[in-house]
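Visitor: Take a look at the letters that make up each chain.
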Amino acid sequence: MEPSGKIKIQNLNLFIGKQQILKNINAEIPENKITVILGPSGCGKTTLLKTLNRLTDLYENIKISGTVEMGNEDILHTKTDITKIRRKMGLVSQRPYPLPMSIYGNIAYGLKISGHTKKQFLDEKVEYYLKVTHLWEEVKDRLKQPASALSVGQQQRLCLARGLAVDPEIILADEPASALDPVSSMAIEELFTELKSWYTIVVVTHILRQAKRIADHVIFMYLGEVIEQGPAGEFFENPKMEKTKAYIKGAFN
Amino acid sequence: MKYINRHWKDKANSTWMLVCTGIIIVLPFVLIIGLYLKSALLFEKCSFIDLIFSKEWKPWENKFGFAPFIICSLWVSILALLLSAPVCLLTAIYLTHYAKSRVLKIMQPVIDILAGIPSVIYGVWGILVIVPFVAKLGNFFGIHTTGYTILSGALVLSVMIIPFILNVLIEILRTIPEELSEASLSLGATKWETIKYVIIKKAFTGIISAFGLGLSRAFGETIAVLMVVGNVVKIPQGVFDAGYPLPALIANNYGEMLSIPMYDSALMMAALILLVIVILFNTASRMYIYRLEKYR
Numbered sequence: 001m002e003p004s005g006k007i008k009i010q011n012l013n014l015f016i017g018k019q020q021i022l023k024n025i026n027a028e029i030p031e032n033k034i035t036v037i038l039g040p041s042g043c044g045k046t047t048l049l050k051t052l053n054r055l056t057d058l059y060e061n062i063k064i065s066g067t068v069e070m071g072n073e074d075i076l077h078t079k080t081d082i083t084k085i086r087r088k089m090g091l092v093s094q095r096p097y098p099l100p101m102s103i104y105g106n107i108a109y110g111l112k113i114s115g116h117t118k119k120q121f122l123d124e125k126v127e128y129y130l131k132v133t134h135l136w137e138e139v140k141d142r143l144k145q146p147a148s149a150l151s152v153g154q155q156q157r158l159c160l161a162r163g164l165a166v167d168p169e170i171i172l173a174d175e176p177a178s179a180l181d182p183v184s185s186m187a188i189e190e191l192f193t194e195l196k197s198w199y200t201i202v203v204v205t206h207i208l209r210q211a212k213r214i215a216d217h218v219i220f221m222y223l224g225e226v227i228e229q230g231p232a233g234e235f236f237e238n239p240k241m242e243k244t245k246a247y248i249k250g251a252f253n
Numbered sequence: 001m002k003y004i005n006r007h008w009k010d011k012a013n014s015t016w017m018l019v020c021t022g023i024i025i026v027l028p029f030v031l032i033i034g035l036y037l038k039s040a041l042l043f044e045k046c047s048f049i050d051l052i053f054s055k056e057w058k059p060w061e062n063k064f065g066f067a068p069f070i071i072c073s074l075w076v077s078i079l080a081l082l083l084s085a086p087v088c089l090l091t092a093i094y095l096t097h098y099a100k101s102r103v104l105k106i107m108q109p110v111i112d113i114l115a116g117i118p119s120v121i122y123g124v125w126g127i128l129v130i131v132p133f134v135a136k137l138g139n140f141f142g143i144h145t146t147g148y149t150i151l152s153g154a155l156v157l158s159v160m161i162i163p164f165i166l167n168v169l170i171e172i173l174r175t176i177p178e179e180l181s182e183a184s185l186s187l188g189a190t191k192w193e194t195i196k197y198v199i200i201k202k203a204f205t206g207i208i209s210a211f212g213l214g215l216s217r218a219f220g221e222t223i224a225v226l227m228v229v230g231n232v233v234k235i236p237q238g239v240f241d242a243g244y245p246l247p248a249l250i251a252n253n254y255g256e257m258l259s260i261p262m263y264d265s266a267l268m269m270a271a272l273i274l275l276v277i278v279i280l281f282n283t284a285s286r287m288y289i290y291r292l293e294k295y296r
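Residue numbers (our numbering), protein chains in the order written: chain A, 1 to 253; chain B, 1 to 296.
Hints are computed from structural coordinates only; laboratory data are not their basis.
The structure presented is a predicted model; accordingly, all values stated were derived computationally and were not measured.
Hints are supplied without guarantee of correctness; some may be wrong.
[What the hints assert, rightly or not] Derived lysine-lysine pairs resembling BS3-like cross-links, with alpha carbons at most 27 Å apart:
hint, chain 1, residue 1, chain 2, residue 2
1, B, Lys201, A, Lys144
2, B, Lys191, A, Lys112
3, A, Lys63, A, Lys8
4, A, Lys88, A, Lys63
With the sequences and hints as input, model every part of the structure.
Guide: Encoded structure:
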């Protein structure tokens with residue numbers, strides 16, 4: 001049977017040392033929707049996100065079992081060319097980490113690495129993705145300036161543009177608004193809503209209101225387990241599990 | 001009453017701290033002025049430019065040219081830096097980005113041991129191992145040499161400055177946030193590309209300052225170098241020539257020649273030159289770092 005979701009996670013267990021971070025996760029991430037991984041701090045949301053593009057490789061003493069399938073490829077399989085998988089997934093992290101180069105360089109970096117060197121091509125792409133993230137008007141006169149000179153909100157949009165420039169199918173965002181002021185964080189949320197027609201978006205957050213604003217699909221996690229998952233409307237209006245009800249009421253976070 | 005007491009203590013303590021800081025700030029200037037006054041005698045007789053650039057070192061004729069010593073010191077320390085810089089950089093990258101954190105824990109004391117070995121022991125090791133090795137190497141290239149050469153000095157020095165450079169490099173590479181690597185990796189870069197284009201670029205100023213620190217250490221190192229470098233006053237023509245570095249000049253002659261006022265003054269002058277060059281190295285690397293940081 002064809003997997004119905006864009007990404008299919010099956011029987012995923014993850015240990016760091018002796019501690020089990022993810023417990024038997026089974027979940028699906030639907031295509032061209034915003035999936036929110038919701039849950040209180042320390043429940044394993046970020047680890048789950050990082051498993052999707054195997055940034056967990058950077059951790060020491062890690063043990064993973066289970067499968068994460070995208071298309072017909074198992075991402076967790078060690079034979080999989082991980083750089084190719086990662087290029088299909090743009091990452092937006094908690095705080096923006098612009099690469100130590102110019103605004104232009106940040107966006108051109110991923111393209112250059114995958115072998116594009118023609119200046120005209122790079123120029124077009126840089127302009128295009130800066131326009132997509134509504135940065136172009138703000139930065140078009142200072143593309144050669146260091147990216148670190150931008151405001152944090154602009155940096156976060158630059159990081160998104162940088163991720164989009166390598167033409168991914170999926171955007172992974174780890175609490176993308178947690179370091180931003182309300183205006184910038186709204187800008188990011190609106191961007192995600194615009195972008196979902198072209199991309200599959202996965203957003204990790206512990207902010208319930210944010211989840212309600214943007215989610216099409218929710219995966220609710222607690223202490224390393226998936227408690228409940230489903231379409232956003234159903235999840236928020238009519239939660240099935242006691243834990244979910246308590247969380248939505250704000251009993252804990 | 002109690003309040004006044006506490007207030008007074010607070011004032012007194014901050015004053016002490018200020019005094020201590022003041023002492024540290026004044027120290028280098030006191031050193032420079034002291035050395036200058038001691039070498040003033042030589043300044044009266046000869047021009048500074050002549051002293052620096054003259055090749056003639058004939059104390060018995062009152063000819064004091066420091067060029068051979070300065071050039072030899074530069075040869076030895078720059079060569080030492082060239083030898084150890086790549087090794088240190090690759091080791092630091094390996095330890096911070098490839099090895100398990102256990103390996104770093106094992107390496108740290110090893111590095112500290114290297115740093116703690118007295119320099120005279122490095123000198124003995126140089127005489128026993130490096131000098132014969134360099135002699136053989138020279139013969140291999142058809143150059144007759146005893147092995148007491150610039151190259152031997154540089155080799156010994158390159159090992160001695162490893163712990164200083166390496167420790168700073170490790171610290172610097174560890175301050176770079178992991179998320180930066182993650183960002184680069186998720187754009188499809190390999191680990192090596194990430195290190196080459198992102199990590200090293202981000203750490204560049206720090207790397208330069210680590211090398212600058214190593215160079216300063218190398219320039220001032222005395223005993224180990226003078227034991228293997230040959231101590232012949234001439235401008236070296238190649239790495240298989242013997243040389244006579246500045247610190248060795250001071251260490252070998254101070255105390256014996258004090259009866260000759262001009263000689264005494266010349267040695268103080270050598271110390272002054274040494275100090276000034278080290279300060280120049282430091283200032284230059286600092287200015288370079290400042291400029292880079294401004295434009296990053």
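Visitor: Hint by hint, say whether it matches the structure.
Guide: A quick look at each hint next to the structure:
| no. | hint | in the structure |
| --- | --- | --- |
| 1 | B/Lys201 / A/Lys144 | holds, 16 Å |
| 2 | B/Lys191 / A/Lys112 | holds, 15 Å |
| 3 | A/Lys63 / A/Lys8 | holds, 19 Å |
| 4 | A/Lys88 / A/Lys63 | holds, 24 Å |
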